[in-house]
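Q: Construct all of the structure, not just a fragment, from the sequences and the given hints.
Chains as they are written, first to last, in the numbering used here: chain F, 4 to 289; chain R, 4 to 289; chain H, 4 to 289; chain W, 4 to 289.
Hints should not be assumed to be uniformly reliable.
It does not matter which identical chain is used: a pair holds within one copy or between any two.
As a list, the in silico DSSO-like pairs of lysine-lysine whose alpha-carbon atoms are at most 30 Å apart [claimed, not checked]: (1) Lys268 x Lys284; (2) Lys94 x Lys259; (3) Lys11 x Lys101; (4) Lys11 x Lys268; (5) Lys11 x Lys151; (6) Lys11 x Lys259; (7) Lys259 x Lys13; (8) Lys268 x Lys13; (9) Lys151 x Lys94; (10) Lys13 x Lys76.
It should be emphasised that the hints constitute simulated quantities derived from the structure, not laboratory data.
Protein chains: 4
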Amino acid sequence: MVVVIQCKDKVGLVAAITGVIAGQLFNIVSIRENVDTADNLFFARLVLESPVTDAMAPVQNVAGAELLQDMLKAVLPVGAIVRVNPEPHKKIALLVTKEYHCLGDILLRQHFGALGASVVCVIGNHDLLGDICQRFSVPFHHVPFEGKDRVAFESAVLRELEAYAFDYIVLAKFMRILSPDFIDRFPVRMINIHHSFLPAFIGANPYRQAFERGVKLIGATAHFVTNDLDEGPIIAQQIIPVNHTFTAADMMKAGKEIETAVLAKALQLVFDDRVFICNNKTIVFE
Amino acid sequence: MVVVIQCKDKVGLVAAITGVIAGQLFNIVSIRENVDTADNLFFARLVLESPVTDAMAPVQNVAGAELLQDMLKAVLPVGAIVRVNPEPHKKIALLVTKEYHCLGDILLRQHFGALGASVVCVIGNHDLLGDICQRFSVPFHHVPFEGKDRVAFESAVLRELEAYAFDYIVLAKFMRILSPDFIDRFPVRMINIHHSFLPAFIGANPYRQAFERGVKLIGATAHFVTNDLDEGPIIAQQIIPVNHTFTAADMMKAGKEIETAVLAKALQLVFDDRVFICNNKTIVFE
Amino acid sequence: MVVVIQCKDKVGLVAAITGVIAGQLFNIVSIRENVDTADNLFFARLVLESPVTDAMAPVQNVAGAELLQDMLKAVLPVGAIVRVNPEPHKKIALLVTKEYHCLGDILLRQHFGALGASVVCVIGNHDLLGDICQRFSVPFHHVPFEGKDRVAFESAVLRELEAYAFDYIVLAKFMRILSPDFIDRFPVRMINIHHSFLPAFIGANPYRQAFERGVKLIGATAHFVTNDLDEGPIIAQQIIPVNHTFTAADMMKAGKEIETAVLAKALQLVFDDRVFICNNKTIVFE
Amino acid sequence: MVVVIQCKDKVGLVAAITGVIAGQLFNIVSIRENVDTADNLFFARLVLESPVTDAMAPVQNVAGAELLQDMLKAVLPVGAIVRVNPEPHKKIALLVTKEYHCLGDILLRQHFGALGASVVCVIGNHDLLGDICQRFSVPFHHVPFEGKDRVAFESAVLRELEAYAFDYIVLAKFMRILSPDFIDRFPVRMINIHHSFLPAFIGANPYRQAFERGVKLIGATAHFVTNDLDEGPIIAQQIIPVNHTFTAADMMKAGKEIETAVLAKALQLVFDDRVFICNNKTIVFE
Numbered sequence: 004m005v006v007v008i009q010c011k012d013k014v015g016l017v018a019a020i021t022g023v024i025a026g027q028l029f030n031i032v033s034i035r036e037n038v039d040t041a042d043n044l045f046f047a048r049l050v051l052e053s054p055v056t057d058a059m060a061p062v063q064n065v066a067g068a069e070l071l072q073d074m075l076k077a078v079l080p081v082g083a084i085v086r087v088n089p090e091p092h093k094k095i096a097l098l099v100t101k102e103y104h105c106l107g108d109i110l111l112r113q114h115f116g117a118l119g120a121s122v123v124c125v126i127g128n129h130d131l132l133g134d135i136c137q138r139f140s141v142p143f144h145h146v147p148f149e150g151k152d153r154v155a156f157e158s159a160v161l162r163e164l165e166a167y168a169f170d171y172i173v174l175a176k177f178m179r180i181l182s183p184d185f186i187d188r189f190p191v192r193m194i195n196i197h198h199s200f201l202p203a204f205i206g207a208n209p210y211r212q213a214f215e216r217g218v219k220l221i222g223a224t225a226h227f228v229t230n231d232l233d234e235g236p237i238i239a240q241q242i243i244p245v246n247h248t249f250t251a252a253d254m255m256k257a258g259k260e261i262e263t264a265v266l267a268k269a270l271q272l273v274f275d276d277r278v279f280i281c282n283n284k285t286i287v288f289e
Numbered sequence: 004m005v006v007v008i009q010c011k012d013k014v015g016l017v018a019a020i021t022g023v024i025a026g027q028l029f030n031i032v033s034i035r036e037n038v039d040t041a042d043n044l045f046f047a048r049l050v051l052e053s054p055v056t057d058a059m060a061p062v063q064n065v066a067g068a069e070l071l072q073d074m075l076k077a078v079l080p081v082g083a084i085v086r087v088n089p090e091p092h093k094k095i096a097l098l099v100t101k102e103y104h105c106l107g108d109i110l111l112r113q114h115f116g117a118l119g120a121s122v123v124c125v126i127g128n129h130d131l132l133g134d135i136c137q138r139f140s141v142p143f144h145h146v147p148f149e150g151k152d153r154v155a156f157e158s159a160v161l162r163e164l165e166a167y168a169f170d171y172i173v174l175a176k177f178m179r180i181l182s183p184d185f186i187d188r189f190p191v192r193m194i195n196i197h198h199s200f201l202p203a204f205i206g207a208n209p210y211r212q213a214f215e216r217g218v219k220l221i222g223a224t225a226h227f228v229t230n231d232l233d234e235g236p237i238i239a240q241q242i243i244p245v246n247h248t249f250t251a252a253d254m255m256k257a258g259k260e261i262e263t264a265v266l267a268k269a270l271q272l273v274f275d276d277r278v279f280i281c282n283n284k285t286i287v288f289e
Numbered sequence: 004m005v006v007v008i009q010c011k012d013k014v015g016l017v018a019a020i021t022g023v024i025a026g027q028l029f030n031i032v033s034i035r036e037n038v039d040t041a042d043n044l045f046f047a048r049l050v051l052e053s054p055v056t057d058a059m060a061p062v063q064n065v066a067g068a069e070l071l072q073d074m075l076k077a078v079l080p081v082g083a084i085v086r087v088n089p090e091p092h093k094k095i096a097l098l099v100t101k102e103y104h105c106l107g108d109i110l111l112r113q114h115f116g117a118l119g120a121s122v123v124c125v126i127g128n129h130d131l132l133g134d135i136c137q138r139f140s141v142p143f144h145h146v147p148f149e150g151k152d153r154v155a156f157e158s159a160v161l162r163e164l165e166a167y168a169f170d171y172i173v174l175a176k177f178m179r180i181l182s183p184d185f186i187d188r189f190p191v192r193m194i195n196i197h198h199s200f201l202p203a204f205i206g207a208n209p210y211r212q213a214f215e216r217g218v219k220l221i222g223a224t225a226h227f228v229t230n231d232l233d234e235g236p237i238i239a240q241q242i243i244p245v246n247h248t249f250t251a252a253d254m255m256k257a258g259k260e261i262e263t264a265v266l267a268k269a270l271q272l273v274f275d276d277r278v279f280i281c282n283n284k285t286i287v288f289e
Numbered sequence: 004m005v006v007v008i009q010c011k012d013k014v015g016l017v018a019a020i021t022g023v024i025a026g027q028l029f030n031i032v033s034i035r036e037n038v039d040t041a042d043n044l045f046f047a048r049l050v051l052e053s054p055v056t057d058a059m060a061p062v063q064n065v066a067g068a069e070l071l072q073d074m075l076k077a078v079l080p081v082g083a084i085v086r087v088n089p090e091p092h093k094k095i096a097l098l099v100t101k102e103y104h105c106l107g108d109i110l111l112r113q114h115f116g117a118l119g120a121s122v123v124c125v126i127g128n129h130d131l132l133g134d135i136c137q138r139f140s141v142p143f144h145h146v147p148f149e150g151k152d153r154v155a156f157e158s159a160v161l162r163e164l165e166a167y168a169f170d171y172i173v174l175a176k177f178m179r180i181l182s183p184d185f186i187d188r189f190p191v192r193m194i195n196i197h198h199s200f201l202p203a204f205i206g207a208n209p210y211r212q213a214f215e216r217g218v219k220l221i222g223a224t225a226h227f228v229t230n231d232l233d234e235g236p237i238i239a240q241q242i243i244p245v246n247h248t249f250t251a252a253d254m255m256k257a258g259k260e261i262e263t264a265v266l267a268k269a270l271q272l273v274f275d276d277r278v279f280i281c282n283n284k285t286i287v288f289e
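A: Okay, structure coming up:
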């Protein structure tokens, strides 16, 4: 049983929380807690275990989870977010353009039950990736940008999304910039993978720039999407070494490898309820 | 203020601990907790902060730490180990042979106050490293093995050690095997750095074996010393990539780099009271 | 144009090779060369470019490649292996059991033309992975072990393989040990991915052993298969960090991630003609 | 024997070079070659071995090296840079400010003969690091900036440097920006270590910015110094993972670890004559 809590900090919070848990005879297998002292915010993730020796333990089932949630809310500051046993199998919608690497990896993992989530649909502004979705029996909707302005395009995307229930939107190499209006509809629910270099390159053709600068590492960053473009809270980052024998095309290829790996890692952390957002940063209880 | 706790597990332990802490008006900045369910053991590390708004907070000083320790012991199972504000600056004795890399790195860090510990003395079975100790104003004792059997040699080492108070013995590339008798005197207080390869090579000249096997990675392992040679609880491990252009000598050189880094990392974790031992494994609250 | 050469070493070899190349007006974009002094063996990989300014360059096409190959053989020691423009798109057969992660990754890459090879068929001793092969339109043959001895089983596998032309057999988590007879049929043509830990664990359930030892890293090794089980020439190795919060199951999951990545990397190197074998080691011109 | 060559590219260059070498009966143990096709530049590094079976080999000594150098120049384009057996033990001058970590590591390595270079002097704009230099018997000169303008300060530094012969100046955490005039005096001879983050942070207090952005990796870059501040050719880059529990101070501490490692790595590559500069990039024959 997983419990995640986010609220204003105050003295005695952990005691109050764990008092409730102990009163229900749960054992705490692990607890991760972090206080952001600058903003006085409290974050915690607990893994509980019902005592196996006590067949009478009252809160082992879903009803029990709801009861525990209410009991915890009662001892926490007003406005506390408490989730007991958050949905262990998330639902996600994907937005893609032409590149297959992140999409393919996600489809493969979900197909074999290793993603921790179901892909409810994929929306592409090109139709190139419809075939792979069909091979994995996942709905694909082609919403071309051509002939539309951004408002019309985003409306069309939203219309497709409306047919589905989902927890997160994953931008799996979606190459169009979304409007603040669109982003505001899914706060803390959109995840993007960004090719970011060391040092970071801005503008068109970052791999060409990286090549010309002769970098020895290239990286990728998975982050929540906010209106501050490519500046939302970072979930995961990794790098891959390159050298002078890499052409710009080789660097792009290496970039795809690391993008795939970082997005997979970030999604696993998010779907496992290990990621909290505090201002523009994440707290990751890895 | 750091609190570390190790005891038998039972339901309500975190509630009891944090209840005491809240009663003393401490704020919990971070808490790491782990239960070993196989052995029913409980481990926790808490970082506390006195409420800055309350000038009357009763336990901000050392006396307060002692009081808090007693109050915590009172609510924990018999035999619990509790340390409040464990000595933040440890004392260590080093055993060395001929290789300078780990010793030099440790001396340098302590000289600039970055080790989290003081080196009280260095004992070498060769005298090669006396000069560098002298340059850092650290006592060096040469205890040659030649002309002694192991009992006599270890007695001579112990005689030198007796003059010093220390928390840990660090085997910084000490190339002699210590007897069970010697090791038993310092349970959970001796740390070794071991060149271990992937796959592991046993016996003489591991770098020659690694070279002949054409490995692509070499590694190092820092671990507590037990009588099971090179098999004590692992604290930290890292690797460094190598390739076919590396001679056995180049591999040894790369091995020294990674040994230095892994031992430095392991010592930092131990000196920071982040490492617990549970059976033959460590729990590291990194 | 890529040229790979392997032969006995002697003074003047590079001069002879590059003399032939210059005589044909090729420019050498990059050259990697290695001499194994212990065995007096010479290995080289050259990337050539026809001079763009010279429309008369005589050896820009396939016929040119054959001519260049003959001209190089003429100046090299007897028994030299020379390949000019080795088949840039290899053919591979896969042997699998139940685990999908390496197979799925390979199928995905080949589907999008990013593998550098075609998968001509997949043979499984269980039928679990037939479905994913079908989704990628790749032939799958189920050859159960049950009811057969090893000789009969391997004969059945060979009968299926006979229908296909392939350059390499990839053991993508194939969990049966192959006989020396089988292995001898495909010298330097079988590649395996091996979960290897640091330190290496032998025998059943390596992840349980790794968990009990409390390792901080787990790794994987891709290697050519020889009759010395899990001891063939290493192509690539990587590790992934783990910690005390990992159960044995979590370690297995992390192990799958790194197995997938290492096998993909090794295949890319092999298919790109960057890997040579020298005794029981590889030379990798990365 | 090491041979490094840099010149305009043309067809037949490797043949010409290796022809000369073969004529002198040297065996080529390894050859690394790279052509920058954009600029038509040729770079090569060869490791030669005299045939052990031939006691009459004419060019085994320094005179031989000079002769070989002349013979190579004769077959290369005008303006070619050829060095046979470049000085294997370099001389370096260090510029420092207050931070000890890179300086200490360099002093330690050189003290034990593991740097591949001698530190001829250290110049500090503060006097804090004089003590550690004295402990390693290395001359330290304190050139304060206070009371001087940049011209006067740099003149004072140059006056100290004039007393020494050196191959490279290493800025080992030297925190003052040098003028184009100063930099122009030491083209391709100054190496700097730069804390660079992912994404890169510009301006004051980069670690505070990294902390506020919640990065998961921090990095460091060693590069040659040009007048384009922090934009010279990159020699080496590495990263170290961080997480939400790191304060800005912890990130700075982690940054120092990685700066030390990257600078050590870069110096080893440079001192080993493995680094070439091509426009604003390096070619590193690692």
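Q: Next, verify each hint and record whether it holds.
A: Tested hints:
Proximity of Lys268 to Lys284 under the C-alpha cut-off of 30 Å is found in both arrangements, the shortest distances being 17 Å within a copy and 26 Å between copies. In this assembly of identical chains, the alpha carbons of Lys94 and Lys259 lie at most 30 Å apart whether taken from the same copy (24 Å) or from different copies (23 Å). Taking CA atoms no more than 30 Å apart as the test, Lys11 paired with Lys101 passes in neither setting, with 43 Å inside one copy and 41 Å between copies. In the homo-oligomer, the alpha carbons of Lys11 and Lys268 lie at most 30 Å apart inside one protomer (29 Å), although the nearest pairing across protomers, at 34 Å, exceeds that limit.
Taking identical chains as interchangeable, the C-alpha atoms of Lys11 and Lys151 are never at most 30 Å apart, the minima being 45 Å within one chain and 52 Å between chains. Proximity of Lys11 to Lys259 under the C-alpha cut-off of 30 Å is found in neither arrangement, the shortest distances being 40 Å within a copy and 34 Å between copies. Within a single copy, Lys259 and Lys13 get their C-alpha atoms no closer than 44 Å, and across copies no closer than 35 Å, so neither meets the 30 Å cut-off. Taking identical chains as interchangeable, the C-alpha atoms of Lys268 and Lys13 are never at most 30 Å apart, the minima being 33 Å within one chain and 34 Å between chains.
Proximity of Lys151 to Lys94 under the C-alpha cut-off of 30 Å is restricted to the intra-copy arrangement: shortest distance 29 Å within a copy versus 44 Å between copies. Taking the shortest alpha-carbon separations for Lys13 and Lys76, both the intra-copy value of 14 Å and the inter-copy value of 24 Å come in at or below 30 Å.
Checked against the numbered hints above, the structure breaks hints 3, 5, 6, 7, 8 and satisfies the rest.
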